[in-house]
Each structure stands twice: as C-alpha cells, then as structure tokens.
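> Letter by letter, the chains look like this.
Protein chains: 2
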Amino acid sequence: MSSAKIVFQCCMSAKLLVEEGGSETTINKGLIAYVAFLKDCSDEVLHKIAETICTVRLISDSNDKLRSVIDSPCDLLIVPQFCLSGKLKGKCFQYHTAVPKVAAESLYSRLVKSCDTFLRSSATWLSKSCKLSYGTFGIRQILNIETNGPFTHVVELLGKKVRIKCNPTDKVGDLKKLIAAQTGTNWERIVLKKWYTIFKDHITLQDYEINDGMNLELYYQ
Amino acid sequence: MSSAKIVFQCCMSAKLLVEEGGSETTINKGLIAYVAFLKDCSDEVLHKIAETICTVRLISDSNDKLRSVIDSPCDLLIVPQFCLSGKLKGKCFQYHTAVPKVAAESLYSRLVKSCDTFLRSSATWLSKSCKLSYGTFGIRQILNIETNGPFTHVVELLGKKVRIKCNPTDKVGDLKKLIAAQTGTNWERIVLKKWYTIFKDHITLQDYEINDGMNLELYYQ
Numbered sequence: 001m002s003s004a005k006i007v008f009q010c011c012m013s014a015k016l017l018v019e020e021g022g023s024e025t026t027i028n029k030g031l032i033a034y035v036a037f038l039k040d041c042s043d044e045v046l047h048k049i050a051e052t053i054c055t056v057r058l059i060s061d062s063n064d065k066l067r068s069v070i071d072s073p074c075d076l077l078i079v080p081q082f083c084l085s086g087k088l089k090g091k092c093f094q095y096h097t098a099v100p101k102v103a104a105e106s107l108y109s110r111l112v113k114s115c116d117t118f119l120r121s122s123a124t125w126l127s128k129s130c131k132l133s134y135g136t137f138g139i140r141q142i143l144n145i146e147t148n149g150p151f152t153h154v155v156e157l158l159g160k161k162v163r164i165k166c167n168p169t170d171k172v173g174d175l176k177k178l179i180a181a182q183t184g185t186n187w188e189r190i191v192l193k194k195w196y197t198i199f200k201d202h203i204t205l206q207d208y209e210i211n212d213g214m215n216l217e218l219y220y221q
Numbered sequence: 001m002s003s004a005k006i007v008f009q010c011c012m013s014a015k016l017l018v019e020e021g022g023s024e025t026t027i028n029k030g031l032i033a034y035v036a037f038l039k040d041c042s043d044e045v046l047h048k049i050a051e052t053i054c055t056v057r058l059i060s061d062s063n064d065k066l067r068s069v070i071d072s073p074c075d076l077l078i079v080p081q082f083c084l085s086g087k088l089k090g091k092c093f094q095y096h097t098a099v100p101k102v103a104a105e106s107l108y109s110r111l112v113k114s115c116d117t118f119l120r121s122s123a124t125w126l127s128k129s130c131k132l133s134y135g136t137f138g139i140r141q142i143l144n145i146e147t148n149g150p151f152t153h154v155v156e157l158l159g160k161k162v163r164i165k166c167n168p169t170d171k172v173g174d175l176k177k178l179i180a181a182q183t184g185t186n187w188e189r190i191v192l193k194k195w196y197t198i199f200k201d202h203i204t205l206q207d208y209e210i211n212d213g214m215n216l217e218l219y220y221q
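As you go down the protein sequences, you meet chains A and B in turn. Using the UniProt record's numbering, you'd call the opening residue of the first sequence number 1 and step up by one each time. Using the UniProt record's numbering, you'd call the opening residue of the second sequence number 1 and step up by one each time.
In short, the hints are calculated from the structure, not lab data. Even glycine gets a Cβ: it sits at the ideal position worked out from N, Cα and C. Among these hints, one or two may not hold up.
[Stated by the list, open to error] In the DSS-like style, the derived pairs of lysine-lysine whose C-alpha atoms are separated by at most 25 Å in a straight line are:
no.	chain 1	residue 1	chain 2	residue 2
1	B	LYS87	A	LYS193
2	A	LYS48	B	LYS87
3	A	LYS39	B	LYS87
4	A	LYS161	A	LYS194
5	A	LYS91	B	LYS113
6	B	LYS29	A	LYS194
7	B	LYS171	A	LYS194
8	A	LYS15	A	LYS29
9	B	LYS194	A	LYS193
10	B	LYS91	A	LYS161
11	A	LYS193	A	LYS89
12	B	LYS87	A	LYS194
13	B	LYS39	A	LYS101
14	B	LYS87	A	LYS200
15	A	LYS87	B	LYS39
16	A	LYS101	A	LYS39
17	A	LYS39	A	LYS200
18	B	LYS194	B	LYS171
19	B	LYS101	A	LYS87
20	B	LYS39	A	LYS39
21	A	LYS87	B	LYS29
22	B	LYS39	B	LYS131
23	B	LYS89	B	LYS101
24	A	LYS161	A	LYS171
25	B	LYS65	A	LYS65
26	B	LYS87	B	LYS194
27	A	LYS101	A	LYS48
28	A	LYS193	A	LYS177
29	A	LYS101	A	LYS29
[Unchecked claim] Taking CB as the label site, the calculated pair distances span:
no.	chain 1	residue 1	chain 2	residue 2	range
30	A	VAL191	B	GLY21	54 to 64 Å
31	B	ARG163	A	SER109	43 to 53 Å
32	A	ASN186	B	ILE139	53 to 63 Å
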C-alpha cells in the first residue's frame, strides 16, 4: 500500500509557470520535489510526506555534507506530477494507482500547507529568508532547471500500518474482522494480499504460514 | 530482482557537462533518461533497457499523441545517475542495491552503444538528423533543462526471468537444481524468495503452495 511517489532533484535555480500563459515562480539553490499521490494516501500520512520532503538530506553544504531543506537551509519547489504514478505496460504508462483528480487536488493543497507549517516552525529556515514555491495543480508544469548535478532520487512512501493481535488458528476472515474493528471499515470490503497471493477467508493463518510480525498488504474492494 | 532504475523527463532542450570544467553536450526537443544499474543487471538485459528507453511513448506530437524517441523522432540524452539506486532509510538514502562502480561503468558504455545501434536501425530516426547525447560516467552531471512540462516517469526494470518445469511434489532444493542447470550456476548459492518468505530446501513446492505460473524471486548468496 503506497501513499505517494516522490522524485527529488537538487537545483541551483528553477523557474515554474504557475498560471497558464501567466506568472512564474522561481527558487534559488534548493530541492525540487515532484509529487504524485497514490491510492492509499490519506490525511494521516500527509504530515509524514511533508516531513520527508523537508527533512530528507540531499543538499550539499560547503563541506560536501548532505543537509535537508530545513537545516541547510535552502529553497523548496513542490511540483504536482500525477504521471509519477504511472506503471510501464509494454511501451505505454498506465495510471491505475493514482488518486482521483479531485481528491489529489485537495491532498496537494494540504501537502503544500503542511510543508509550509513544517518549514516555518524552524528558526534556522526562517532566518535565511528561504522560499517555499509550488506549482498549480492541474496545469502543465512548464519548468526550467539549472543544476550542479540533479542528484535524482525516487521515494515511494507507504500508507498507514496497523498492527493486529491474532492467533495462528484464526481464519483470514477473523483477521479481516479485527482489522475492520480497528480501522472502522467494513470487513467484507477488505482484501489481504502478499505478493500475488490473495488470502481466502476460510483458511487459517497458520495454514498460510502467516506469522507474528509479518506484513500483509491491505486493499479495499 | 531489478536490473535498472530509470527516470524519464521530457525536455524542449537540455545541456549537460561532459568534461569536468570543459565541454558540454546539448539536445533539443527530446527525452532525458537518467539511469542507475542495480545488482541483477547483466548483459542479457542491457538490450531490453536500451529498447525501453528508445521505444517508451512519452513525447507529445503535434496532435498530442504520445510517441517514442524512435518514432517521434526526437533527441535522446542519457544521464548516468547512480543515486537512483538509493533507498530512503530515515532521512538519508542508502545505495546497497547499486552495481559496483567498475561494472556500472562498463554497463553504462554498453547501454549507450546499444541505444545508438537501436536508434540507427530506424530510417525515420536517421532521416531527421536526431541526436543521441550522453553524460560521462563518474563525473558530476551538471545539467540544465528547459521543459514544456517534464512529464516525469519512473521505471524499475526487472532482471532475467527463467521458466522452470517442475512437479508439486518436488522439493525446493530440487527446483534450485533445475534452475542451476538452466542458468549455469551453483544451486547451493541460490536463494528463492517471495516477499519475506525464504523457501527452505527440504519442503515441497505444494506445501509452500507454489503453483504453475507463479513468480519467485531469485538471489545468489
């Protein structure tokens, strides 16, 4: 279960169009974070995504030590980039794991706010007059960048994790009911997977060799 | 088992330093492919990586239809980007899945050659005087790009797949011997995994519910 895919690039400067045929936003030395929200994204993980963007150590300081946007401190440009959710099938990308547009727009604006709050909580970041810039959701992200090496990195962030107490003799259906009770969902909509195996309700956990501490993937039908 | 991680960005133009403090290479409208080789990369998959780069459909034509570098046709810039192999641990990236430097350098130069051969085999691509440019392995990739929307995509390519004929009553150890015979390796070095499960030699395939058509991950110890 993934909540977001982010590509990071370092830049010396960047210029992004924020209004079709209109105004631009610019940053100086800093980090560009291209973001796509995936199906398991929720409000609960937005703060985690913002924290990752602001604290990931990718910016070289004068001693070639890597620092984050917040402790470097430097500028940050957030670019909405739906297409990062793409999976290559043959020669084309498919986008089945992306959050629908309306939800993604709302997540995006809250992510920007969350990064803003996070950065402004740092006296170091504020003291250097650093800048947070961001693209406009839904328009073409016309972007120019100058780098001293883009130092490109990719991150796929996971969604929420729940820890469930159960017995080896419990059936998969029982586990689903326990998950439903903890997450406030309908157990019949839950699909439990591990790699390509979809677990069947009437089989016990021990028959599937589902042991303590094992991570399963959870989807909703 | 992954062989390479690639980030694609579309550009209107790009300029890359290819000699420290020295000359640059430029491309016009085209595709930038940032490439990192991962541990399972081998000569056999290099051709597949080159084909993916040259034929992936990411370039908009005048009717907003997506076309590849080879059939658009347009320029291609290959950028060695070791750091794409990074996995985020806490606030830092770790690079344990990257191919060692000497092997990566050799893979990189053969990838460039393979892309060159692939593109030159197309009369369409040749007829438009399109350009294949590439960065110098091991130096800082000082890059400037102008985009009409970078349209960033990420691909992680898998390594070689082998198909093995076996019986449900075969033990995992027997399957390893069959794989070893087909791949010319020592069966005792083979580790078979699926998600977090490492399959034990003395257990039968049916006990692990390993069925026909199921994909397992293979590692060498």
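> Taking the hints in turn, state whether each one holds.
For each hint, the structure was consulted:
no.: 1; hint: B/LYS87 x A/LYS193; result: holds, 24 Å
no.: 2; hint: A/LYS48 x B/LYS87; result: holds, 17 Å
no.: 3; hint: A/LYS39 x B/LYS87; result: holds, 21 Å
no.: 4; hint: A/LYS161 x A/LYS194; result: holds, 14 Å
no.: 5; hint: A/LYS91 x B/LYS113; result: holds, 21 Å
no.: 6; hint: B/LYS29 x A/LYS194; result: violated, 42 Å
no.: 7; hint: B/LYS171 x A/LYS194; result: holds, 22 Å
no.: 8; hint: A/LYS15 x A/LYS29; result: holds, 12 Å
no.: 9; hint: B/LYS194 x A/LYS193; result: holds, 12 Å
no.: 10; hint: B/LYS91 x A/LYS161; result: holds, 20 Å
no.: 11; hint: A/LYS193 x A/LYS89; result: holds, 22 Å
no.: 12; hint: B/LYS87 x A/LYS194; result: holds, 21 Å
no.: 13; hint: B/LYS39 x A/LYS101; result: violated, 37 Å
no.: 14; hint: B/LYS87 x A/LYS200; result: violated, 33 Å
no.: 15; hint: A/LYS87 x B/LYS39; result: holds, 21 Å
no.: 16; hint: A/LYS101 x A/LYS39; result: holds, 11 Å
no.: 17; hint: A/LYS39 x A/LYS200; result: holds, 23 Å
no.: 18; hint: B/LYS194 x B/LYS171; result: holds, 16 Å
no.: 19; hint: B/LYS101 x A/LYS87; result: violated, 28 Å
no.: 20; hint: B/LYS39 x A/LYS39; result: violated, 30 Å
no.: 21; hint: A/LYS87 x B/LYS29; result: holds, 24 Å
no.: 22; hint: B/LYS39 x B/LYS131; result: violated, 30 Å
no.: 23; hint: B/LYS89 x B/LYS101; result: holds, 22 Å
no.: 24; hint: A/LYS161 x A/LYS171; result: holds, 20 Å
no.: 25; hint: B/LYS65 x A/LYS65; result: violated, 44 Å
no.: 26; hint: B/LYS87 x B/LYS194; result: holds, 20 Å
no.: 27; hint: A/LYS101 x A/LYS48; result: holds, 21 Å
no.: 28; hint: A/LYS193 x A/LYS177; result: holds, 15 Å
no.: 29; hint: A/LYS101 x A/LYS29; result: violated, 31 Å
no.: 30; hint: A/VAL191 x B/GLY21: 54 to 64 Å; result: holds, 56 Å
no.: 31; hint: B/ARG163 x A/SER109: 43 to 53 Å; result: holds, 48 Å
no.: 32; hint: A/ASN186 x B/ILE139: 53 to 63 Å; result: holds, 56 Å
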